[in-house]
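Work out the full structure, taking the sequences as your base and the hints as a guide.
Heads up: the protein sequence lines correspond to chains A and G, in order.
Per this note's numbering: the first sequence ends with 230, consecutive numbering throughout.
Per this note's numbering: the second sequence ends with 230, consecutive numbering throughout.
The set of hints was computed from the structure by calculation and includes no laboratory data.
Any copy will do: because identical chains look the same in the list, a pair fits if it lies in one copy or spans two.
Straight-line C-alpha distance at most 25 angstroms; calculated PhoX-like pairs for lysine-lysine:
#, residue 1, residue 2
1, Lys44, Lys197
2, Lys135, Lys197
3, Lys44, Lys173
4, Lys155, Lys135
5, Lys50, Lys197
Protein chains: 2
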Amino acid sequence: MATNTPDVLNEEVADTALGLLLSTVREFPQAERYVRAGKWAAKGYPLTKATLRDRTVGIVGMGRIGKAIARRLEAFGVPIVYHSRHAQPGVAYRHYPRLVDMARDVDTLMVIVPGGAATQNMINAEVLDALGPKGILINMARGSPALIRALKEKKIYSAGLDVYVTEPEVPKELLEMDNIVLFPHLGSASEWTRTKMDQLVVDNLASWAAGKGPLTPVPETPWPPKRRS
Amino acid sequence: MATNTPDVLNEEVADTALGLLLSTVREFPQAERYVRAGKWAAKGYPLTKATLRDRTVGIVGMGRIGKAIARRLEAFGVPIVYHSRHAQPGVAYRHYPRLVDMARDVDTLMVIVPGGAATQNMINAEVLDALGPKGILINMARGSPALIRALKEKKIYSAGLDVYVTEPEVPKELLEMDNIVLFPHLGSASEWTRTKMDQLVVDNLASWAAGKGPLTPVPETPWPPKRRS
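What follows is the structure, given as structure tokens:
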């Protein structure tokens with residue numbers, strides 16, 4: 002039996018995504034380090050060049066988590082567009098069939114797509130070039146090999162990352178950059194949400210054992226069982 | 002002539018408040034320091050004991066900024082109540098005439114009231130005791146002398162601070178605590194918003210010089226001029 006833990010974690014991950022976006026745009030972790038290093042008394046932390054107030058966010062992947070993020074962004078008054086292979090029924094935001102076209106039109110990308118072959122290297126040099134020198138990439142999804150170069154060459158302005166190709170190893174080049182924000186895969190990482198996820202696994206097993214089938218099967222789960230012909 | 006810069010900064014300050022709330026509840030700056038210190042490869046950052054998912058926020062001060070914060074919190078699905086001297090017309094959230102009663106009923110306080118004699122020492126030991134051991138205080142408004150003791154004695158769980166009585170000096174005792182988040186008065190501190198605020202000052206002066214009076218006077222501004230009797 003294969004199941005997942007949908008919905009239980011969506012809101013927590015969306016909280017983390019908004020936290021990573023705000024942290025990156027307004028340099029909160031950097032400013033916090035500045036206070037703790039005792040530098041504030043000598044000189045104020047500089048005004049941030051970036052603000053959320055004049056940005057448009059392009060969401061890459063408008064599934065359950067993408068929608069939870071969009072709901073939050075709306076309350077911040079931030080215009081939203083999205084890219085996914087197909088336009089989502091019932092979603093009013095502008096849909097871009099091609100990611101590079103969306104990257105050209107926005108200054109902030111939030112990447113939520115799950116990993117896997119279909120999305121491998123999705124955030125490539127062409128997309129980052131299109132995002133441009135004011136661009137901020139928020140990556141809740143997967144590493145991007147083209148990213149380090151784009152940051153070094155100032156093709157984009159900054160990035161906030163929660164997931165890395167090589168995690169828990171983080172490329173040394175990223176650790177040395179100050180104008181980015183690095184989270185250690187915090188997506189759903191509260192005790193509260195992980196307990197809910199564990200409980201759903203237990204509930205799935207109990208339901209299966211009681212002959213009622215899985216509660217939250219993945220599409221590949223053979224349930225209901227196929228009749229032998 | 003005395004004017005202020007209302008509305009221009011509300012949304013930026015509300016962004017900062019949400020960033021400080023998320024940072025404090027989910028320990029984002031601490032987790033970022035952990036990654037940068039190279040600790041992640043040896044051991045994952047611990048799940049946070051706190052989450053926004055099970056919290057109720059009590060807003061202290063439901064003015065323009067308080068309302069901008071409440072709008073954001075609603076999109077996060079967080080229940081909201083508020084304290085101010087008088088119930089606000091048109092505000093549907095539960096109003097508490099007494100702060101200590103609200104502190105007892107919530108686990109998260111967000112303090113937005115302006116400084117001054119009326120609010121001096123508002124967040125006192127009695128309020129922090131009422132908030133309790135799960136309590137998180139987000140202070141966008143002013144220092145709280147009772148806070149250090151409450152944190153040390155674990156009367157509350159943690160705090161996120163943007164404003165300090167002695168700023169830019171921050172009490173050493175706070176700098177040494179790891180379970181809190183310290184922002185260097187970032188409220189409206191983006192170039193974009195500060196430019197808007199500067200422009201409004203210029204516009205006020207130009208309007209005054211043209212005999213049209215101030216655009217955004219404070220209540221004490223003598224405009225329109227009183228007739229001499």
